[in-house]
Each structure stands twice: as C-alpha cells, then as structure tokens.
Amino acid sequence: MSPTNYLLLSGLLFTVGAVGVLVRRNAIVVFMCIELMLNAVNLSLVTFARINGTLDGQVMAFFVMVVAAAEVVVGLAIIMSIFRTRRSSSVDDANLLKY
Amino acid sequence: MTPLNAPPIDYGAIAPLLIVLGGACVSVLLEAFLPRHQRWPAQVALTVLVVAVAGVTLGVYAGSAPAAGVVTLGSTLAVDMPTLFLWGTLLVLGFGSLLLIADRSVEPGGAFVASAAERLSVGAAPGTTTGATGVDPEHVDRSYGAPGEAPTMQTEVFPFTLFALGGMMAFVAANDLLTMFVALEVLSLPLYLMCGLARRRRLLSQEAAVKYFLLGAFASAFFLYGLALLYGYAGSVRLSAIAEAAVGTDRSDALLFGGLALLVVGLLFKGSVGPFHTWTPDVYQGAPTPVTAFMAACTKVAAFGAIARVLYVAFGSTRWEWRGVLWAVAIASMFIGAVLGLTQTDLKRMIAYSSIAHAGFLLIGTMAITPAGVSSTLFYLLAYGFTTLAVFGVISLVRTADGEATHLSQWAGLAKRSPVLAGVMTFLLLALAGIPLTSGFTAKFAIFAAALSDGMAPLVVIALVASAIAAFFYLRIVVLMYFSEAPENGPTVTVPGAFTTVTITLGVVVTLLLGIVPTLVLDWAGAGGFTG
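Chains as they are written, first to last, in this note's numbering: chain A, 1 to 99; chain B, 1001 to 1532.
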C-alpha cells in the first residue's frame, strides 16, 4: 500500500481533532481532541520517515509523545482546579473575561 | 554497525542556558525539602542569584564570542549574535519580572498568597485606608511567617519562572524545529500554570489559565503538523537544511508552504499577533499582574526571536512567495490592536491590545530579511519589553481594598493624588505610543527604516496610520489621569517596596536612555546575523 494513504489518514485525523476542538464544549473532550491532533502528527512523522528513508521522523515521534504526556499533566491539573471551584468543566461556563 | 559518536558540546556558549535550567531544578528541590517559612527567602535568593550568574556568564562569553556564531550540541542550538542579544534581553527582563513576582509589600503575602483566607487574617494592604481588621500593617509587611503557620506566599512560582525563562532561551537559540518545539513546550507549560496561581480573584485567574492552555495546546499542535510537513519536504528539520531543500528542487511546494503556514500559525499565536490573538486580552487580564508582566515582556521576546530566525534562516530564499500573506497578517494585527484597544474599559486588557498592535509592528521587522531588519527587531523587542514591564509594575500599585484597580474609571484624576505615579505612567504610555525622546520612537523608526529599504513602503504607511490610531488610546489614559475629577472612593496608590521600585526604575531609565542614545544598543543588536 502506498505510504501516501497514511498521510491522507493523518491529515483526516488532524482535521477531525481540529474540528473537535472548535465545536466541543467539555474541556476534557477538547483536550482529547488536541491529543488526537498530536497523534495525527506522529502518524505523518513516521510515514515521512519511511518515505524519506531516515530514522529522524521516528525519533521525533517519541519526542512528541513525551511532550504530550507532560502536557496532559499540566492540562488536567488546570482543568481539575477550575472544576473544583466551578463544579463544571464546560468551556462555555468560563465566561467572566470578555470584551 | 557504526559506533555512535557523541556530538561535541561547546559548554562555554550554552552555559547561561544550562545555569538557568539547572537553577530551576535546584529550585524544585528547595520547594520540596525546605520548611515552608524558609522557602520565600531561599527561593528569592536562589532565583536572583541564578539569573545574575547566567547574565555574568553570558557577558563573559559575549566578550570573546566569534562573530559568526557557534552551532553546537549536534547542531540543535545556534549561539550567534542575535541569540546572545536575545539571551541578554531575556535575562534582564526575567530579572525584573522576578522582582515583581517576589515583592510582598505591595499586597500582603504577595500576589501568590497561599490561600484567599490569608487576606482576612492579615488585613488590608499597607497604605490603604480600610483598616478594618486592626492588624498593624508594618507587622504583616515582610514577615516571613512563623514556623507552623500557613505560608504567606506560595513559592512554586519561582521554579516555574526559571523553567519558562530557560525554555525561552532555548527557543530563541533553536537551530532545528524539533528543539524549537520542545523549547516551546518548556516555556509554555510553566506559563499556563503561572496564569492560574492567583488566589484572590481566583475564578478569573483559573479561567485565564484554562483558556491559555487549551488555545496554546491547539496552536502547538499546528506548529507540530507544520514541522511534520517540512520534515516530509526536506527530509530534515534543521533550519538550514530546509533552506537548502527549497532552492532548486522539483519537490512539491504544497508541503513547503503548507508546512510554513502551519508552523507560523503556532509561532504567531505565541507572539500574540492578530488574528491569532484571541487569548491575549483574557489571559493578560486574568493572570496575576506580575505574571502578566513576565508574559508580556519575555514571551514576546522569545516568540519574535524564534519567528525572525525561522523566517530568516529557513525561508529567507523563498520570501517573495510568502511575504504577501504575512503583510495581511501584520496589517490585521496592527488594526485589531489599535481599533479594539480604543473600546476597552479595563487597563490590563487595553495594554493587551496594545501588545497585539506592537506585535504587528514587530512582524514588519521580521519580514525584512536584511541585517537591518534583524537588528531593528531585536532593538524593538528590548525597548518594548522594558516599557511593558514598567507599565505592569505601575498597574500593580494602584489598588482598592479588593485588589488592583484596573478599571479605567478608577484611574480618573490620579495625577492629583499621586503626581509621581501619574508622571511615570504618562512617560511609559508615550513610549508605547512612540513619541520622540522615548525608546518607542527610536524602535519604531528603526523598524520602519528597515522595512522601507526592503521595499515595503505601503506597509510602512499603513503602520503609521495604525500607530496614530493607537496613540489615541494611550493619550486617553493620560487625559483621564490629569484632567478628570477623581471618584469619591477611588483607589489608593501603594508605596512600592524595594523590589517593585527597582523594576519600575529600570524600565523607565532604559526607556529614556534608548530614546536619547539608542546607538549603543543598536550597534550591539546589529553586531552579527543569524547563523545556520
């Protein structure tokens, strides 16, 4: 199977993630969509590594995973803290700051 | 199988970066092992020492640094003249923000007091007139907290600041996109947390943290997808390799320019350039003011240092293809900042829109792919950073019993109550507007001159119009302070502690000096170009 198909799949996953970030209302789901975008990037990195015949892309995918894990720690901590004070994790409820 | 060779490392060149990151690790250990009442003095001493030692090391290295720059650590970090200049700028601005963060005399316990209940037990801020609790403010002021009592300030903010500063330093020196991505996260993750650290007005603060985090993570996903596309195009993420691949090749331009677009979206988000600015006003308003000062000054420096390097080193040869799009972005940013800034009623939000307008001017400087473009951008970053730092220092001083008085109406007639503060604020606002004899004027002049000589005359005309509009809302605050009647129970102006005084003085002096004798720093900024 041509590796280009994996690139298309990666682009599709990235788009699904991006649209999810824009339309979903729960902070946790928004966050999961961002993780989906990062994993779409991993797929395309690995595919490009295959196409280019270098290992760099695969190593980069590991870097992305580590960074994503760190991001989860920070993100969930922030979402937890706002949930404790508001009893809600909807991004629509956090609307004190505007104009 | 070939043996792996460890890449040579030029420790002298990257010593400032290692010192800051090492200091951040030590700071985490202090946080873990020291008893609570010892943490504040220990953390302040450590962070100030770390930043000072890193600055001295940088100065010593810069004295003998090769003009062409060094690429080290397996060609992941490029320590050239712009890097050294940006590192110096970041360290000095970081030092100023650390002093603002550490100051506990402006409000009892500092902006990062351990719990909101603390405020009830220690009474009103010194210098305010509420006096309801009868606790002697002198006694509260600067007390380090007795053993067994709740701490007067949460000190996690110090290791966060050092990590963020280290990330920023790595960000501006990154010579490949992967290093740049990791540095981007190292600088962003502590910043997200720092935004949510305020205990007073904590709903606002936490909301700012969530918004900043979700949008920031969204933007870094775009950066990463851009990285992947460019890796597919060039087979490497080193900036110079991308530049080489772009010259004389029959590979698909879709990957190159798609990658560039996504990459630049991620970077412009960090630099709060409109139309990717939506987080800026909310986060600037909601975050504790010292953190806002740190973000406004240092993040801007880091983001535009990286944008300039990417555009100059990796995409300099293809600039005729992408420049049109960035023209539109710069124009949008200047006008969003200037026009929406006019409609704001909150001072911190207004400064946020001002920073969006300034981001547009900075983008013009980074688009001029000439040595003058680079040096004027560096100079603008330095000048803007110091002015903003001092502005937020001043904002933190005007308070009511509930905290900072950031609503514009509360600033009415402030000149009668505190002529010195109003004078300082007026000077800083004039600098932001770009009036002659301030650093804002020389910086704008340098950028516009560089843009004109690189064939961007129409953009310069538009930028002049935008800065004229923006000048209006700065002057509006000045008029409000001098020519309006003060409200009945207006805010009081707190007498700043030594730390805040140092930061504000530093900002004002640098703003004035760069306005009168800019050549010294301009020469330094133009000492050398990016190396790849």
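Heads up, some of the hints might be wrong.
Here are the computed distance ranges between Cβ atoms for each label pair [what the hints assert, rightly or not]: (1) A:N95 <-> B:L1004: 52 to 60 Å; (2) B:S1317 <-> A:N52: 17 to 25 Å; (3) B:E1321 <-> A:A69: 32 to 40 Å.
By construction, these hints were calculated from the structure, which means they are not laboratory data. A virtual CB, placed ideally from N, CA and C, is assigned to each residue, including glycine.
Structure-based check of each hint:
1. A:N95 <-> B:L1004: 52 to 60 Å: With Cβ atoms ~54 Å apart, the hint holds.
2. B:S1317 <-> A:N52: 17 to 25 Å: For N52 (chain A) against S1317 (chain B), whose Cβ atoms are near 21 Å apart, the range 17 to 25 Å holds.
3. B:E1321 <-> A:A69: 32 to 40 Å: Holds - the Cβ-Cβ distance for E1321 (chain B) and A69 (chain A), about 37 Å, lies within 32 to 40 Å.
The structure shown violates none of the earlier numbered hints.
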